[in-house]
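Q: As a plain string of letters, each chain reads:
Number of protein chains: 2
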Amino acid sequence: MKLYTSPIAPNPRRVHVFLAEKSLEVERIEIDINAAANREPAFRAINPMGQLPVLELDDGSYLAETMAICRYLEGLQPDPDLLGRDFREAATIEMWNRRMEHEIALAVFASFQMTHEFFAGRVEQVPEFGEVSRRKALSRLEWLDEELCGREFVAGDRFTVADITAVCAIDFGRVVKIRIDDGQKNLARWHATVSARPSVSAG
Amino acid sequence: MKLYTSPIAPNPRRVHVFLAEKSLEVERIEIDINAAANREPAFRAINPMGQLPVLELDDGSYLAETMAICRYLEGLQPDPDLLGRDFREAATIEMWNRRMEHEIALAVFASFQMTHEFFAGRVEQVPEFGEVSRRKALSRLEWLDEELCGREFVAGDRFTVADITAVCAIDFGRVVKIRIDDGQKNLARWHATVSARPSVSAG
Numbered sequence: 003m004k005l006y007t008s009p010i011a012p013n014p015r016r017v018h019v020f021l022a023e024k025s026l027e028v029e030r031i032e033i034d035i036n037a038a039a040n041r042e043p044a045f046r047a048i049n050p051m052g053q054l055p056v057l058e059l060d061d062g063s064y065l066a067e068t069m070a071i072c073r074y075l076e077g078l079q080p081d082p083d084l085l086g087r088d089f090r091e092a093a094t095i096e097m098w099n100r101r102m103e104h105e106i107a108l109a110v111f112a113s114f115q116m117t118h119e120f121f122a123g124r125v126e127q128v129p130e131f132g133e134v135s136r137r138k139a140l141s142r143l144e145w146l147d148e149e150l151c152g153r154e155f156v157a158g159d160r161f162t163v164a165d166i167t168a169v170c171a172i173d174f175g176r177v178v179k180i181r182i183d184d185g186q187k188n189l190a191r192w193h194a195t196v197s198a199r200p201s202v203s204a205g
Numbered sequence: 003m004k005l006y007t008s009p010i011a012p013n014p015r016r017v018h019v020f021l022a023e024k025s026l027e028v029e030r031i032e033i034d035i036n037a038a039a040n041r042e043p044a045f046r047a048i049n050p051m052g053q054l055p056v057l058e059l060d061d062g063s064y065l066a067e068t069m070a071i072c073r074y075l076e077g078l079q080p081d082p083d084l085l086g087r088d089f090r091e092a093a094t095i096e097m098w099n100r101r102m103e104h105e106i107a108l109a110v111f112a113s114f115q116m117t118h119e120f121f122a123g124r125v126e127q128v129p130e131f132g133e134v135s136r137r138k139a140l141s142r143l144e145w146l147d148e149e150l151c152g153r154e155f156v157a158g159d160r161f162t163v164a165d166i167t168a169v170c171a172i173d174f175g176r177v178v179k180i181r182i183d184d185g186q187k188n189l190a191r192w193h194a195t196v197s198a199r200p201s202v203s204a205g
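Heads up: the protein sequence lines correspond to chains A and B, in order. Okay, so the first sequence: first residue is 3 according to this note's numbering, each after it adds one. Okay, so the second sequence: first residue is 3 according to this note's numbering, each after it adds one.
Chain A extracted, bound-state conformation:
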């Protein structure tokens, strides 16, 4: 297998952390997103969406989309499981992972896409929507801080893919000044716990 990836983007980082938790090593092919190599025809032949990460399987086929890659890796190496031991738990983890994606990650990414010079000329930027998204992300960090009052991790009492999605989104938020507030004690405690894992600190 080969992973088409980047050391500076949040979705590739989710897969890096997932791989490290599984103690899996995969050959990495770095795509220079600063030079927009991901938008060139050569890369679009691999993923027409022009996005990273992409996993090339041993049969030569390509698997795009972060969670599709994670699901494949979980099948290859079920232990430690990050997507749920049974369908009841898998559904709960999916709910929390989706909430981290929809409420936090997409809002952070929209703020970045709509306001940062990195995306100038790459997408039609609407800065006003970037600001709305930034405020949404900040309000959702308030909400997540309250949620984490009652439990150690995002989806319950153990580390799962929902924590990976959340920490990668929140850490990336720094580029648009979205940060955990000093008053958000539960969120800060969770962030310190998760960031101390070798998979997260290295990823």
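In short, the hints are calculated from the structure, not lab data. Here a beta-carbon is modelled for each residue, glycine too, at the ideal position from N, C-alpha and C. Some clues are possibly wrong.
[Said to hold, decoys possible] Below are the BS3-like pairs computed for lysine-lysine, each with C-alpha atoms no more than 30 Å apart in a straight line: (1) A:K179 <-> A:K138; (2) A:K138 <-> B:K179; (3) B:K4 <-> B:K24; (4) B:K138 <-> A:K138; (5) B:K138 <-> B:K179; (6) B:K179 <-> A:K179; (7) A:K187 <-> A:K138; (8) B:K138 <-> B:K187.
[What the hints assert, rightly or not] Partial selection, computed: residues in chain B whose CB lies under 10 Å from chain A: (9) N99; (10) E130; (11) F131; (12) R137; (13) R199.
[Claimed, not checked] To be clear about the criterion: a stretch of chain A counts as covered by chain B if any three or more of its residues have a C-beta under 8 Å from a C-beta of chain B, and this derived list gives those stretches: (14) 76 to 87; (15) 91 to 100.
Assemble chain B onto chain A, guided by the hints.
A: The following block gives chain B in isolation, referenced to the frame of chain A:
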């Protein structure tokens, strides 16, 4: 089990179609989204995100997020499978389902949220971003039409959750004048095939 749902919203429809494909019947509790009942404290106690659908399980717990509900239902009633027979196929279906969500459904919903009077006063509307999203959705229908040249369904040679996501998003697109173009023959053929299924025509 009880499903908190609405007959007029696209994400609840995805679960209705999923249930019908499984021949599962679940008690439905209709939440009046026109009256914003989903944003009232009574419903936020069920889902703090204020969104439909939500599945109440027999143990009294609540499961939100469309795909989390579908994953639970797939576990309860694996046949016919809509999420993949094994992890290799599950990953491919997840990739295509995510593409239908990110490239089409989210663009359709953003167009609706940002421009339609239904959401006036409910969210901070940025009409310019709604227009950008509408153009994105239309360009992605062009792309999907080309993809469907080589195969019958979105994720391959059989009906899966990716088709459910796509048809519910595209049908909802009518409210913001996002429609399949007369020249998109593959997409039109796929839409006719999928819409002829009893689960889709009734849902």
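Q: Check the structure against each numbered hint from earlier and tell me which ones fail, lowest number first.
A: 6 and 13
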